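Listed below are the residues making up each chain.
There are 2 protein chains.
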Amino acid sequence: MKIKGKQWRALWFENGELKLIDQRKLPYNLEIFTAKNVEDCAFAIKEMVVRGAPAIGAAAVYGMVLGKDNIKYTAEILRKTRPTANDLFFAIDYMIEKIKNGENELNAANEYVEDIINRCRRIGENGDKIIKDGMKILTHCNAGALATVDYGTALATIRIAHEKGKKIFVYADETRPRLQGLLTDWELEEEKIPHAVIADNAAGYFMKNGEIDMVITGADRIAKNGDFANKIGTYEKAVIAKENNIPFYVAAPISTFDKSIEDGSQIKIEERDRKELAVINEKTIMPEWTKVRNPAFDVTPSKYVTGYITEEKIIEKLIEL
Amino acid sequence: MKIKGKQWRALWFENGELKLIDQRKLPYNLEIFTAKNVEDCAFAIKEMVVRGAPAIGAAAVYGMVLGKDNIKYTAEILRKTRPTANDLFFAIDYMIEKIKNGENELNAANEYVEDIINRCRRIGENGDKIIKDGMKILTHCNAGALATVDYGTALATIRIAHEKGKKIFVYADETRPRLQGLLTDWELEEEKIPHAVIADNAAGYFMKNGEIDMVITGADRIAKNGDFANKIGTYEKAVIAKENNIPFYVAAPISTFDKSIEDGSQIKIEERDRKELAVINEKTIMPEWTKVRNPAFDVTPSKYVTGYITEEKIIEKLIEL
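Heads up: the sequence lines are chains A and B, in that order.
Reading the first sequence from the start, the letters are residues 1 to 321 in the numbering used here.
Reading the second sequence from the start, the letters are residues 1001 to 1321 in the numbering used here.
For the record, the hints were derived by calculation from the structure and aren't laboratory data.
Don't take each hint at face value.
Below 20 Å or equal to it, Euclidean Cα-Cα: the simulated PhoX-like pairs (lysine-lysine) are [what the hints assert, rightly or not]: (1) B/Lys1167 with A/Lys291; (2) B/Lys1291 with A/Lys136; (3) B/Lys1072 with B/Lys1098; (4) A/Lys283 with B/Lys1025; (5) B/Lys1291 with A/Lys4; (6) A/Lys98 with A/Lys72; (7) A/Lys291 with B/Lys1192; (8) B/Lys1046 with B/Lys1025; (9) B/Lys1242 with B/Lys1303; (10) B/Lys1080 with B/Lys1046; (11) B/Lys1283 with A/Lys275; (12) B/Lys1291 with A/Lys167; (13) A/Lys136 with A/Lys242; (14) A/Lys242 with B/Lys1303; (15) A/Lys25 with B/Lys1283.
Bear in mind that the values here come from a model prediction, so they are computed numbers and not experimental data.
With these hints in hand, go ahead and build the complete structure from the sequences.
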């Protein structure tokens, strides 16, 4: 991804330490968080210094490098950080396998991350095939470079389409409670892709008024039947897209597909802290007394999905899964 | 409505001045805004010191009292304040008629406001008939006493059901961009009605998971065919309610029905200032560069509505409109 015209990644390994763009500080400040040990890495995942399923996977492989002296313990504390993203568990198992086979941990981790980036680029290229010049595209949350080390998933398709000279316009849901839409806004602004941020409530308005031609989101976990978990609110957008005959695509690498679960009902949904709703950038926006419910994800049944944009191909029929 | 156990109204006329609870300061501070002339009153409506269709109507009748020496000018500046709420225009026309007939302005205005309150109480009583003990009800925005001088429309049904001893639980959408859900939270908290605030994105999650039995919202304007304008996001909730076979009711007085418009396509939607999204309680939450689109309302087609709870009856069939 470009930041002030230079190429960046959301995280990288340097001199025995994991460096991460601190996503809690964006879009206001570009600060680097350093993880010197596996506990730091677990903190970074849990507290959302890093977020987005593929980027969590990337952080986890480097976490395994940081904690290579006690793999069992390391795997255990990393597994406990976030329950929803399949990539986390996929990445940990990948590293365990590599280490068991006697491979160098850092090489294995670097290969994993380069592989993610290549896959994201290919997701972008596949997605670009269905994006037409002039299209207005809605996205929810941040499925961008920040969420995947580089390119993104949903945003990879938009980046590549833009790179190829297509004139597109992006509506970015602000994505309460955590306002990850502002990360999308930041990425699109840095890449000079025309866009606007909207209240999550307004997505339906623009869909109904014919101002949105396609919806593309990422996914945190996709079940065997195509049901998928993603940021809270994705389900709402998918239902409304279908109601308005707007194609709804999920952009995700194959690693996000979890063939061990039959359908969405088996996906565990995290309810997160009250303060995610009540506090924005350390500013309290709700009174002390306000009680909240705060599910972080929802599950969208596959019947609302037009297709899954993967690095291999666009899967339009569930049978192919 | 009760505030700290005492009876209050959202606005009242006292010693030649219009007094309004300043809703821009809630839920944190209970401050009274005084309108000494029609310009003050127009400011209060435009800047949302007072909001909610029936309360805007109530403010407008007192605005006509304040500006009674030049009725044409007064009506003109009041009409320009907000475009969506039918009650505003209804209230101005009502006062013009009364004044033409030589009635005392203040008496006419007081009658109008007492009438609103009575109608809201009756809306509550009618709505209570369909609320079952144990129900979990979702509401969007604030269709409460603040929005209608007293009782509310959607919240009137909840108040009366609670008054009658029914155990209910209310999910209040936070209602971005302006977070009117916090006004609902404040009203419910003062009345000790169990509830939780949720991100607008989470409403679909709770509906899909069977945690919401009914949706009740207010309306700003209802067309002849039952299509209605209400706070942005209402359309999304209505579509998702239908998708999940959850009854969706609109609570509104007859004055909200605008028989001069055939359907929702004729309702003008206000796009409001960027700062509504970017600033919360004078705290900036979005970067300078962030561009937004900010429609304040949306139109929900009548096919998503189970019924209209009015002061006269619950209208279940559109033909009755």
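Okay, the hints, checked on the actual structure:
1. B/Lys1167 with A/Lys291: This hinted pair holds, its Cα atoms lying about 18 Å apart.
2. B/Lys1291 with A/Lys136: Satisfied, since the Cα-Cα distance of roughly 15 Å is no more than 20 Å.
3. B/Lys1072 with B/Lys1098: holds (14 Å)
4. A/Lys283 with B/Lys1025: Judged against 20 Å, a Cα distance of about 16 Å means the pair holds.
5. B/Lys1291 with A/Lys4: holds (19 Å)
6. A/Lys98 with A/Lys72: holds (14 Å)
7. A/Lys291 with B/Lys1192: Holds: A/Lys291 and B/Lys1192 sit about 12 Å apart, inside 20 Å.
8. B/Lys1046 with B/Lys1025: Holds, because 15 Å separates the two Cα atoms, which is no more than 20 Å.
9. B/Lys1242 with B/Lys1303: Distance of about 9 Å is within 20 Å: holds.
10. B/Lys1080 with B/Lys1046: holds (8 Å)
11. B/Lys1283 with A/Lys275: Given pair B/Lys1283, A/Lys275 holds - Cα atoms ~17 Å apart, limit 20 Å.
12. B/Lys1291 with A/Lys167: holds (18 Å)
13. A/Lys136 with A/Lys242: holds (16 Å)
14. A/Lys242 with B/Lys1303: Measuring from Cα to Cα gives roughly 16 Å; hence the hint holds.
15. A/Lys25 with B/Lys1283: holds (16 Å)
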